[in-house]
Amino acid sequence: MALFPTIFRKNRRNFSYLSAIILLFLVSFSGGEVRPFLGYLSTTIFYSPFYRFKTNIEDLKSTAEENRRLKNQLAESALQLSLLNETRRENQRLRELIGFAPPKDFRLIPVKVVSLLQHFYPISAVVNKGSEDGLYENQAVVNRYGLVGKIKEVMPRYATVQLLTDPSNPVSGRVAQSRQIGIVKFSPERGMYLDNLPADADIKKGDLITSSGLGGIYPPGLAIAVVDTIYPNAGEILKNVRLRPTADFFEIDELYVLTEDKR
Amino acid sequence: MRLILYIFLLFLLAFYNTILGELMSIAGISIDLAGLMVALVALYRGEATAIWFAIGAAIVTATSRLDLMPYEMATLIGMSIVINLICNRMNFYSQASRMIMLIIFLLVHNIVITAAISTDAIFFALFRFILPGIFYSIIFGWLYFVVHDGLFGFQRAGSVS
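Chains as they are written, first to last, in my numbering: chain A, 1 to 263; chain B, 1 to 161.
Simulated from the structure, these hints should not be mistaken for lab results.
Source: prediction; values computed, not measured.
Ideal Cβ placement from N, Cα and C applies to all residues, glycine included.
Worth double-checking, as some hints may not be accurate.
Unchecked claim - Derived Cβ-Cβ restraints for the label pairs, each shown as a range:
1) D105/A with R45/B: 56 to 66 Å
2) L12/B with P5/A: 26 to 36 Å
3) I100/B with E66/A: 25 to 35 Å
4) N91/B with K61/A: 24 to 34 Å
5) R45/B with Q73/A: 28 to 38 Å
6) G215/A with L12/B: 51 to 61 Å
7) Y145/A with T119/B: 23 to 33 Å
8) Q73/A with V146/B: 47 to 57 Å
9) R9/A with Q95/B: 28 to 38 Å
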């Protein structure tokens with residue numbers, strides 16, 4: 001009976017090396033199953049007490065303030081809704097006239113940020129809902145100020161959101177006023193900027209940049225950023241445009257996952 | 001008993017990543033607690049312990065960003081083996097040599113993870129975030145050395161008075 005513990009003790013070093021190599025191999029080459037499983041174990045064992053604690057504290061702090069804000073917002077929204085309904089009906093009529101498919105309807109799943117991964121700046125967040133709540137990969141994530149990112153990985157009760165401040169998460173953006181398209185990118189050095197915009201593009205400070213809908217992940221029209229600075233472009237073929245994100249990525253707490261309404 | 005200590009350290013890491021990290025971050029510069037903990041375990045404990053703790057720390061750290069898990073695991077395990085071997089086989093037991101090992105560990109860990117996220121502006125990130133972050137982290141590393149090696153403690157404080 002004591003054979004295995006004895007073998008383990010005698011070869012502890014080799015056993016550790018072998019385990020590390022196997023685990024590293026599994027995590028690297030069959031990450032699709034192994035990584036979410038390990039992430040789930042880690043969140044369940046180590047993170048969930050702190051997630052719950054943080055969520056409770058945030059709830060307590062924000063309830064009264066949230067109530068006041070929501071009342072104001074409700075009044076404004078009711079007004080906007082009546083105006084939008086009229087615009088929607090008009091839009092529908094125009095779309096039918098020119099043969100466009102109607103835009104997809106979305107509904108919002110509210111989620112709370114329980115952990116913000118800051119590798120010097122925020123690049124990813126863990127939210128308190130997962131596949132059990134209907135979340136899946138590549139859903140757009142917004143807050144009340146605009147687009148924040150997309151769902152990157154999903155676990156049963158948690159999901160990770162890849163933020164727009166992650167340099168490996170560029171998004172196709174459109175200048176809302178002139179309808180010209182560029183790529184919104186983030187760099188630690190330059191901050192958020194608009195790339196691939198022709199030098200002669202019609203853009204000015206204060207213009208809103210929204211998602212273009214190209215790429216199929218983000219629906220069109222979500223606010224991303226506002227034009228902050230346009231640098232002079234002597235002899236260059238592309239414009240150098242610095243953006244100010246509409247969302248404050250250091251202060252994200254409540255987010256909404258856009259999910260297609262199947263109704 | 002030791003196992004409980006390492007589990008406690010992993011809980012501390014999760015607590016730091018969830019709550020404490022935001023509070024202790026100064027102008028975007030934060031402590032690399034995972035690197036610091038794994039390096040200290042590798043410097044003071046055996047090889048097998050260092051490997052297992054590095055595996056645990058890599059999993060806990062990469063939970064917020066699962067695609068970084070292979071990089072976290074490879075760096076933390078690889079560097080913990082390297083500094084453990086250097087310290088134990090070459091008898092690097094002085095505080096200065098341990099501090100150098102710690103700095104190299106944190107530097108490699110941060111550069112690898114930053115490059116895994118994006119190689120864009122890596123030199124900017126090195127000077128703006130990584131080096132100040134390492135400086136911030138080694139303050140805590142140095143405090144650990146001082147307390148652990150008894151350079152400052154209650155007994156010593158008593159003997160001085």
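- Verdict for R9/A, Q95/B (Cβ pair) under range 28 to 38 Å: Check passed, 32 Å falls within 28 to 38 Å.
- Do the Cβ positions of G215/A and L12/B conform to the proposed distance bound of 51 to 61 Å? violated, 40 Å
- Hint check for T119/B and Y145/A - Cβ pair distance inside 23 to 33 Å: Since the Cβ atoms of Y145/A and T119/B sit about 30 Å apart, the hinted range of 23 to 33 Å holds.
- Go ahead and decide if the range 24 to 34 Å is satisfied by the Cβ distance of N91/B to K61/A. Violated - the Cβ-Cβ distance for N91/B and K61/A, about 53 Å, lies outside 24 to 34 Å.
- At the C-beta level, are D105/A and R45/B separated by a distance inside 56 to 66 Å? Once the Cβ atoms are compared, 57 Å apart, the range 56 to 66 Å for R45/B and D105/A holds.
- Task: Please test the hint of 26 to 36 Å on the beta carbon pair from L12/B and P5/A.
- Result: holds, 29 Å
- Could one say that the CB atoms of R45/B and Q73/A fall in the range 28 to 38 Å? Roughly 54 Å apart at Cβ, these two residues miss the hinted range, so it is violated.
- CB of I100/B to CB of E66/A, is that within 25 to 35 Å? Once the Cβ atoms are compared, 51 Å apart, the range 25 to 35 Å for E66/A and I100/B is violated.
- Query: Is it true that the C-beta distance of Q73/A to V146/B lies inside 47 to 57 Å, as the hint says?
  - Reply: holds, 53 Å
Of the numbered hints given earlier, the model fails hints 3, 4, 5 and 6; all others are met.
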